[in-house]
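Colleague: So the protein lines, in turn, are chains A and B.
One point on numbering: in our numbering, the residue at position 214 of the first sequence is 214, and numbering is uninterrupted.
Take any residue in the second sequence, note its place counting from 1, add 228, and you have its number in our numbering.
There could be a bad hint or two in this list.
[Said to hold, decoys possible] Taking lysine to any residue and the SDA-like style, the derived pairs with C-alpha atoms no more than 20 Å apart in a straight line are: (1) B:232 x A:139; (2) A:186 x B:336; (3) B:232 x A:138; (4) B:230 x A:149; (5) B:354 x A:73; (6) B:232 x A:169; (7) B:230 x A:145; (8) A:169 x A:185; (9) B:232 x A:134; (10) B:354 x A:44; (11) A:169 x B:282; (12) B:321 x B:351; (13) B:354 x A:199; (14) B:232 x A:136; (15) B:354 x A:32; (16) B:321 x A:105; (17) B:230 x A:134; (18) B:230 x A:138; (19) B:230 x A:137; (20) B:230 x A:135; (21) A:169 x B:346; (22) B:354 x A:42; (23) B:321 x A:39; (24) B:354 x A:195; (25) B:354 x A:36; (26) A:186 x B:348; (27) B:232 x A:149; (28) B:284 x A:23; (29) B:232 x A:131; (30) A:148 x B:230; (31) A:169 x B:303; (32) B:313 x B:336; (33) B:321 x A:43; (34) B:230 x A:226; (35) A:169 x B:321; (36) A:148 x B:233.
Treat the hints as calculated values from the structure; they're not laboratory data.
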Amino acid sequence: MLKAAQPDRPDALTWVFLGLGLLLLPAGLYLALSAPPDVNQGYLARIMYLHVPGAWLGYLAFFVTFLYSLLYLFRQDPRYDRVALASAEIGLVFMGLALVTGMLWARPTWGVYWTWEPRLTTTAILFAVYVGYFLLRGAIEDPELRRKAAAAVGILGFINVPISYMSVKWWRSLHQTQSIDLTTGKIHMDPAMLQALLFNLFVFTLLYLGFVRFRAFLAALEARKEEV
Amino acid sequence: MKAKYLIGLLLILGALAYLIFGGLGQNLVYFLTPSEYLQDQARYQNRPVRLGGLVKEGTVHYDKDGLELRFILTDGVAEVPVVHKGTPPGMFKEGQGVVVEGRFGEGVFHGTNLLVKHSETYQAPKAGWTPEEVRKLIEEAK
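Please model the complete structure; the sequences and the hints are all you need to start from.
Modeller: Pasting the structure below:
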C-alpha cells in the first residue's frame with residue numbers, strides 16, 4: 001500500500017510529457033526561426049517565442065502552486081505541499097527567463113534594459129515574492145509549520161499574477177498591451193507568427209507538466225529519506 | 229544554518245517594501261502627458277519627470293555632428309519641444325509613441341533618456357524578408 005503511493009521511479013505520464021516536450025522543442029525552435037520578421041522590429045520580434053512562453057509558464061506554475069497550497073491547507077496531506085513546492089521552483093526559473101529575455105528585448109526596442117514601469121515593477125515584485133517563498137521554507141525547521149507558512153505565501157503571492165497581467169491595461173505603461181488579449185479575445189498578430197507562438201506555448205506547457213511531476217517525485221524521495 | 233535564511237528573508241521583505249511603497253507608488257503614473265505637465269508646472273519644477281506622447285510629424289531634427297536630437301512631443305492637445313543629447317534608438321521615428329526622461333528648463337524639455345513605446349501589433353512586411361531575399365541582400369552588400 002505504501003509502496004504504491006510512493007513509487008521508486010516517475011510514472012509513465014511524466015515520461016510522456018517530458019519526452020514529447022523535448023521531442024517537439026526543436027520543431028518549436030524551427031517555427032520560431034522561420035516565422036516572418038515584424039514590420040517595425042524586424043527579426044528582434046522573434047525573442048517573443050521565448051519571452052512569452054517563459055512568462056506564461058511563470059503565471060501557470062504560480063497558479064498551480066496557489067491551487068495546491070489551498071489543497072494542502074484543507075487536506076493537510078504533504079503530497080500537495082510537494083507539488084506546490086515543485087511548481088513554485090519551476091515558475092521561478094521560467095519567470096526569470098521571461099525577465100532576462102524581456103531585458104534583452106527592451107534594450108534594442110525601447111532603448112533601455114530596465115525601467116520601473118508598472119508591468120516590469122509588478123513582475124519584479126512577483127519574482128521577489130517567490131524567492132521569499134524558498135527562503136521562508138529554508139528558515140523554518142518544523143516541517144508542519146514550514147508547509148503551512150509556505151502555503152500561506154503560495155496563496156497570497158498569486159494575487160500578484162492577475163495584477164501583473166492586467167497592469168498594462170490598468171496603468172499607463174511603456175510595455176505594449178497583450179497581443180493575444182484574453183480579456184477581449186482580440187489577436188493583433190500575423191497568422192504565421194501566431195502559429196509559431198501557440199506551438200511554442202504548447203511545447204513549453206508539455207515540458208512544464210513533465211518537470212512539475214518529476215520534481216514532485218524527487219521531493220517525495222527526499223521526504224522518504226528524511227523519515228528513515 | 230537557519231540564520232542565513234532569516235537574513236535572506238529580511239532582505240527580500242525589505243526589497244518588497246521598497247518596490248511596493250517606493251517604486252510602485254511613484255510609477256503607477258509612469259509618465260505625464262504634455263497637457264498634464266503644463267497644467268501643473270509648479271509641482272514638477274526642478275524634479276526629474278517622464279513625459280510621454282507622440283513625436284509630432286515633421287518636427288524631428290537630428291544634428292549628426294553634435295549628436296543633438298530635437299523634436300516636438302504632443303498628446304494631441306499640448307505640445308512640448310524636446311532636446312535630447314545622443315543618438316535616437318533604432319525604432320525612433322515620426323508619429324511614434326515615446327517616453328522622455330528629463331527636466332524642464334527655459335521652455336524646453338531636456339531629455340536624458342529616450343524610450344520608444346511600440347505597439348502590440350505584429351505584422352510581417354509585405355515583401356523582401358524571405359530567407360532567399362535576405363541572403364541575396366547580404367551577398368549584394370559584400
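Colleague: Against this structure, judge whether each hint is valid.
Modeller: Structure-based check of all given hints:
no.	hint	verdict
1	B:232 x A:139	8 Å, holds
2	A:186 x B:336	40 Å, violated
3	B:232 x A:138	9 Å, holds
4	B:230 x A:149	16 Å, holds
5	B:354 x A:73	56 Å, violated
6	B:232 x A:169	39 Å, violated
7	B:230 x A:145	15 Å, holds
8	A:169 x A:185	14 Å, holds
9	B:232 x A:134	12 Å, holds
10	B:354 x A:44	17 Å, holds
11	A:169 x B:282	19 Å, holds
12	B:321 x B:351	18 Å, holds
13	B:354 x A:199	24 Å, violated
14	B:232 x A:136	11 Å, holds
15	B:354 x A:32	19 Å, holds
16	B:321 x A:105	18 Å, holds
17	B:230 x A:134	12 Å, holds
18	B:230 x A:138	7 Å, holds
19	B:230 x A:137	10 Å, holds
20	B:230 x A:135	10 Å, holds
21	A:169 x B:346	15 Å, holds
22	B:354 x A:42	12 Å, holds
23	B:321 x A:39	13 Å, holds
24	B:354 x A:195	18 Å, holds
25	B:354 x A:36	10 Å, holds
26	A:186 x B:348	11 Å, holds
27	B:232 x A:149	18 Å, holds
28	B:284 x A:23	50 Å, violated
29	B:232 x A:131	14 Å, holds
30	A:148 x B:230	18 Å, holds
31	A:169 x B:303	19 Å, holds
32	B:313 x B:336	13 Å, holds
33	B:321 x A:43	18 Å, holds
34	B:230 x A:226	18 Å, holds
35	A:169 x B:321	24 Å, violated
36	A:148 x B:233	17 Å, holds
Checked against the numbered hints listed earlier, the structure breaks hints 2, 5, 6, 13, 28 and 35; every other hint is satisfied.
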